[in-house]
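The sequence shown begins at 1 in our numbering and counts up by one.
Quick caveat, the hints were computed from the structure, so don't treat them as lab data. Be aware that one or more of the hints could be misleading.
Unchecked claim - Only pairs whose alpha carbons sit at most 20 Å apart, straight line, appear in this in silico SDA-like list of lysine to any residue:
#1 63 with 39
#2 76 with 38
#3 11 with 42
#4 40 with 65
#5 18 with 42
Computed from a predicted model, the values in this text were never measured in an experiment.
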Amino acid sequence: ESNFVLVSTLKQVGTTVKDISNKAEKGEFPGGQVIVYSLKDKGVDLAVTNLSEEGKKAVEDAKAKILDGSVKVPEK
Numbered sequence: 001e002s003n004f005v006l007v008s009t010l011k012q013v014g015t016t017v018k019d020i021s022n023k024a025e026k027g028e029f030p031g032g033q034v035i036v037y038s039l040k041d042k043g044v045d046l047a048v049t050n051l052s053e054e055g056k057k058a059v060e061d062a063k064a065k066i067l068d069g070s071v072k073v074p075e076k
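The task is simple: from the sequences and hints, build the whole structure.
The following block contains the structure:
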């Protein structure tokens, strides 16, 4: 059993396109603004296909802690 795991971060571009399109349709296009999509608004995620059940649970637990604020993720 290996102690290395291959994972990939996912930029959820579809979420972003849908959100911006909906805003544009309502006449609220946010032109000229910098918009950041995060874990909170489903702008990013992790592909967990290659993880064990234990690994998947660890990822879900970490995501929950990030979302509830008990773990702070640096922006840079």
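Against the structure shown, which of the earlier numbered hints fail to hold, in ascending order? Nothing - there is no hint that the structure violates, so all of them hold.
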